[in-house]
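Number of protein chains: 2
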Amino acid sequence: MNLLLLRAEERLSSNIARVTDPRRLRHLHEVHRARRGDTLTVGIEEGGIGRATITGLTGHAVELALDELECAPPPPLPVHLLLALPRPRMLARTLENIAALGAKELTLLHTARVEKSFWQSPELSESRIRDHLVLGLEQARDTRLPRVGMAPRFRPFVEDELPALIEGRRALLAHPGQSVACPYRLPPGESVTLMIGPEGGFVDYEVERLQAAGFEGVHLGERILRVETAVVALLSRLF
Amino acid sequence: MNLLLLRAEERLSSNIARVTDPRRLRHLHEVHRARRGDTLTVGIEEGGIGRATITGLTGHAVELALDELECAPPPPLPVHLLLALPRPRMLARTLENIAALGAKELTLLHTARVEKSFWQSPELSESRIRDHLVLGLEQARDTRLPRVGMAPRFRPFVEDELPALIEGRRALLAHPGQSVACPYRLPPGESVTLMIGPEGGFVDYEVERLQAAGFEGVHLGERILRVETAVVALLSRLF
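These protein sequence lines map, in sequence, to chains C and Y.
Numbering of the first sequence is given in the numbering used here, commencing with residue 3 and proceeding in unit increments.
Numbering of the second sequence is given in the numbering used here, commencing with residue 3 and proceeding in unit increments.
Chain C extracted, bound-state conformation:
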């Protein structure tokens, strides 16, 4: 936790905040070994970043005196990620990585090789998704939560929603076996819609359908990577 991310309601006045949830309290006690008088980096959700001093610390609450929180969070990546829904454990780490790397738009979608049962996972609840995203923001010292949408049906999504998502942007389809390697370092300001398949990849029909819709297929080399690894590899190569 390189930044303590405060929800708006945890800020009691412009320069006082109180945190009471067990996860962050435990982290402050056990990992930071925090004491009254210590300073740490804090950020307000969707807002600025600055320093705070611990003015009170018990097993039930931490009270903080906030400096001006006037540093802007790091710039977001200009990408909308379209990710075939990964298996629940992989989803958790992938959400953390996506938030840490600075992507702000994510749509989880169904494809032929996504197991239907994944859509029933408790990991897809709003609060669990939020928890994982917050871990990524705390790690990377960011305050802006990614927005996460769901597209549980492939064809309606491709027909009805995709055209608007790729309009005026570069559309990349990461898929092993494509003839073009994923580019390095896109020109600053170029916006991208990046689609990443499930374990086992897209089926041929999906690749054809997406290429017809305007996606360029790109590969990351001969090596097949896990989804959580591929997301990091693609984002850090493109941006």
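There may be inaccurate statements among the hints.
Pairs involving identical chains hold if they fit within one copy or between any two copies, as the list cannot separate such chains.
In silico lysine to aspartate or glutamate, EDC-like type, Cα no more than 20 Å apart, as pairs [unchecked claim]: (1) K106 x E32; (2) K106 x E224; (3) K118 x E32; (4) K106 x E47; (5) K106 x E117; (6) K106 x E70; (7) K118 x E65; (8) K118 x E107; (9) K118 x D133; (10) K118 x E201; (11) K118 x E48; (12) K106 x D133; (13) K106 x E192; (14) K106 x E201; (15) K106 x D23.
If you're looking for bench data, these hints aren't it; they were derived computationally from the structure.
Given chain C, put chain Y in place with the hints provided.
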């Protein structure tokens, strides 16, 4: 498991192999739902890759008829990774990622912010390290195991071993706050020694010492990444 990696002793003759260990048997049964007559991709440790047909399958053994295993494994990355020893759970995933991405030389080293207890972890046993590396190779369809060395004392390592490791190579020190961004896509054939710090980073003395030894400091932007994420981000950006 995109490749079944066979140890030399599991190959009973040029075209017959038998696998009996519980982990891979369970994976073949439960994930692949393998049946007699199915074909799958196999590789011989440190050797070639090809297809095999399942000729026998019980709860205790899988027997395989091997085709010619004449495909070469994917090319290795020209990098020697020097990694401050991560906490055990993070080490496991990092080893998997390193193997999947194709790095073949790894030295785990002690630095000021590595907790001494990490060196006592059972995850550092030869067999546990090997297990994690094999998972990465199985994922990426590679057959060549990375070599893993240990440097449990920083100064003697820097003084006695480092000069030979960076001789004739580019030496990069990944550390937040450096003035130069990590380069993208090194010229083909350029060999790199890449040093990555622990959670909390290197201390100033270490950065100075390594820069004096010839390392260029590079950063990955404002965002602080977990070690396992940073390793993937750095390797996929550099190569």
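### Query
How do K106 and E192 come out at 20 Å by Cα distance, when the copy is not named: within, between, both, or neither?
The answer is within: 15 Å in one copy meets 20 Å, while 34 Å across copies does not.
### Message
Treating 20 Å as the Cα threshold, decide for K118 and E32: within, between, both or neither.
### Response
The answer is between: 17 Å across copies meets 20 Å, while 39 Å in one copy does not.
### Query
Should K106 paired with E32 be assigned to within, between, both, or neither, using CA atoms and 20 Å as the limit?
Neither: 31 Å inside a copy, 36 Å across copies.
#### Entry: Identical-chain pair category, K106 with D133, by Cα at 20 Å
within (15 Å within a copy, 35 Å between copies)
### Query
Taking 20 Å as the upper bound on the Cα-Cα distance, should K118 and E201 be classified as within, between, both, or neither?
within (13 Å within a copy, 38 Å between copies)
### Query
Is the C-alpha distance from K106 to E47 at most 20 Å within one copy, between copies, in both cases, or in neither?
Answer is within; shortest intra-copy Cα gap is 14 Å, inter-copy 41 Å.
### Message
My question is about K106 and E70: at a cut-off of 20 Å on alpha-carbon distance, are they close within one copy, between copies, both, or neither?
### Response
neither (25 Å within a copy, 47 Å between copies)
#### Entry: Up to 20 Å CA-CA - D23 versus K106, copy category
neither (25 Å within a copy, 43 Å between copies)
### Query
From the Cα coordinates, with 20 Å as the cut-off, is the pair K106 and E201 best called within, between, both, or neither?
neither (23 Å within a copy, 25 Å between copies)
#### Entry: Alpha-carbon proximity between K118 and D133, which holds within one copy, between copies, both or neither at 20 Å
neither (23 Å within a copy, 31 Å between copies)
### Query
Between K118 and E48, at a C-alpha cutoff of 20 Å, which is it: within one copy, between copies, both, or neither?
neither (34 Å within a copy, 38 Å between copies)
### Query
Is the C-alpha distance from K106 to E224 at most 20 Å within one copy, between copies, in both cases, or in neither?
Classified as between: cross-chain Cα gap 16 Å, same-chain 29 Å, threshold 20 Å.
Hint check: violations occur at hints 1, 5, 6, 7, 8, 9, 11, 14, 15; the rest are consistent with the structure.
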